[in-house]
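Each chain, written out:
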Amino acid sequence: MIIRGKVATTIKVALVALISAVLLTLTQSAFAKKEYVIAAFLAATIFAINFTYFSKRSVPLKFFLPGILLLAAFVITPILYTVVMSTYNYKTGNYISKEEAIDRIKALALEPDENNSAFDIVVGEFQTSDALLVSDIVNDSYFISTPERRIELNKNQVELDENLVAQASNGFTKLDAGEISASQAAIKRYLYNNEYFITVENLNVGAVFRQSLEYLPQQDIFRSLISDAIYRDNSNGNYVNPEDKSDFLEPGWRDPAWFTNYVRLINDERVRDPLISVFIWTVVFATVTVITQFAFGLLLALALNKPIRGRRIYRSILILPYAMPSVMSILIWGGMFNTEFGAVNEILGSNIAWFQDPTFARVAVILVNLWLGFPYFYLVSSGSLQAIPSELLEAAAIDGANPRQVFSKVTLPLLLQILSPLLIASFAFNFNNFNLIYLLTGGGPREQLDGEIAGATDILISYTYQIAFGSNLQDLGLASAISVLIFFLVASISLYGVRKSKVLESFS
Amino acid sequence: MTKWLRENLWRHITGWIMCAFAVFPLYLVFLSAFNESGSLQVTSFLPREISFANFDVLFNDERIPYLTWMKNSLMISGFVAVVSVVIGAASAFAFSRLRFKGKKFGIQLLLLIQMFPAILAISAVYVIMERVYKFAPSLGIGTQAGLVLIYLGGAMGVNIWLLKGFVDSIPAELDEAAKIDGASAMQTYWQIFVPLAAPVLAVVSLLSFIGTFNEFILARLFLIEVESRTVAVGLQQFIGGQYSENWGPFAAGSIIASIPIVIIFLSLQKYIISGLTAGSVKG
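Chains as they are written, first to last, in full-length UniProt numbering: chain L, 1 to 508; chain G, 1 to 283.
Some hints here could point you the wrong way.
To be verified - Coverage of chain L stretches by chain G, computed from C-beta distances (three or more under 8 Å per stretch; other residues unrestricted):
id, region
1, 26-37
2, 50-60
3, 70-77
4, 136-144
5, 319-327
6, 464-475
7, 479-488
Hints listed in this document are in silico derivations from the structure and should not be mistaken for laboratory results.
Just so it is clear, CB atoms sit at the ideal spot from N, CA and C, and this is done for glycine as well.
If we strip away everything but chain L, and leave its shape as in the complex, we get (with noise of 0.2 Å):
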């Protein structure tokens, strides 16, 4: 049943219109918030599609280009997105565009007039322009403030509720908050005088400011209006008083740092320190989990590669832990270790803080990993033992070799042979098991008081995690630069696991 001729034609046009219409939406949209790289990725997006389908050069494109779109715009443009940012300053403070930060920065530089004025207010329009309708009853003074001009009002001409403020006045029309939510009137500036303006605090009050910084595009800086200070960009992110170095302006912008971010990991040793700790703890808990979990999976495939009674029983209670969903068996750990309600202590009798401990948390985590993954281990060994041709066991008995030498020197070495892609490919998963790290001790304990990130069970990608969104300060730009050591690693590890278990052969 294929649907071909004209309908399939009529459909496909149907869809890629469809998609492409979708897409340019999207670009439009993009392209309005300056997005540019956004935009031109979207807009070559829909080239593609419309080159590929509606033209007969490339059949395999036909096939592939959905595949590869998606691959390009979630996981490629990521990968390189984080390569971009380790090479910049981005973290809190510095994490807009730097024309953003300029136009925040002008947006917060005010002032307000030494008595700190604010007066009551009704916003509305006047005379086609938005305006307010100020009254200033400490002076008995009324008038209709515009950005552009301040018109003064006699008594008379504005009507007065019981607290003498203006409601109304001849040509002011009031709008409603929702009509004020839905215009730029309430983030204008209204003239007072020459140097100050009012600002719309809320509905119903105006306060009275002047700009204290200007900026001067043709020498990018800033200067104060008052203490005629100058702000300079000092390559870093941030406008700063150069003669006071603690004197900066807020926000800052995210700025091109090159391989700050990379020098910090070895010169920093605030960031180097920790970061070898996580690196120590990190190898080792990959690789104990990997002995432990290999050790009592072989240990089971021993014991049941013999037709005994109940094996299949056995088999389908011990494969539990593997088929529940992980996030699930992880969190109920996380409950039996609880120190007061914990099933562990009840069952030991003990009243440890496993998770206040180091030594204990880092004990329940390997403890609750070799839970998760020892039933994989044991399936897996099962399948190999029975791999192994019953010809060389009988020869090396008949050697005269003992179980335990025919097992050490015969079956051992090439269970590990034949094992090894699976061992090193557990250890690069279990060297980023994020999941169970953060769902188990969150990284913990660690020394919150000293304002330390790295935690005593956190690994490489879990103290990532705390660097770029855990604390107060996001440092994205580190957990960038740290991220990309960690995909060496791992791509390292990995194509070492590749080589071993050579499925690069079949296409050399």
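Use these hints to put chain G onto chain L, whose structure you have.
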């Protein structure tokens, strides 16, 4: 008898101990789920009464939109499972069967990409989707649609790689014969490859389903609204910090959420363990 003891006793003892280890946490979960006190404090390892109070909380307490979470998880995982395999199969076919420039490079790139742990690029994904949100609020950060797109992208590498391995094992004579009979690449794909590969496509999509259902961290970062969460994120947030209080409903919830996965898993056992997933470890 002594011979039996010497040869088999240690086997049964090992089996018993490891089974106890494997089952213990699961048994505790059942105990807590059907225990009214709703705490994780196990007063007795034998059930005294069977109560459905925790299930009642799960389904009727307004603070816990459990059914919505479950629905979200099933919808997201189901969609990703089907779409990623439909798209992945076509790519796998091209990489395995069709000749084109840059194919070898493409395969090597694919191998590299499918080894890359997606979580490493998580900050970049976050920043990119934050920007997408600025111009397309229905696709950016905080939306299920955006999350699904990222899952689809992430599933591509592995799926194409697994499926390519399978296509490679279909004898080339089959489609060469079809070619001689005048079939185009499209016809070969639809009439030879898809019918042959149907069981494998089903297995790979079920594997995708399990993987997506189990995914935690992207969902946690993306889905901020309580109503839009997946069951994994919802339950984790729900017990966060105060295990003793919510343990009962959590246990009940995790049992229900695990049932579909355990069933799929057990029925796919032989595929998961066989060469199909050689070199990959379940997450």
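Against the structure, the hints:
Residues of the region 26-37 of chain L lying with their CB closer than 8 Å to a CB of chain G number 6, which satisfies the three-residue condition for coverage. With 3 residues bearing a CB less than 8 Å from a CB of chain G, the region 50-60 of chain L meets the requirement of three and the coverage assertion stands. Given a C-beta distance limit of less than 8 Å, the hint that chain G covers the region 70-77 of chain L holds, as 7 residues qualify and 3 suffice. Interface restraint, the region 136-144 of chain L with chain G: violated (0 residues with C-beta to C-beta distance below 8 Å; minimum three).
For the region 319-327 of chain L, the proposed coverage by chain G is satisfied: 9 residues have a C-beta within less than 8 Å of a C-beta in that chain, meeting the threshold of three. With a threshold of 8 Å between beta carbons, the proposed coverage of the region 464-475 of chain L by chain G holds, since 4 of its residues qualify and at least three are required. Residues of the region 479-488 of chain L with a Cβ under 8 Å from some Cβ of chain G number 5, which satisfies the need for three, so the listed coverage holds.
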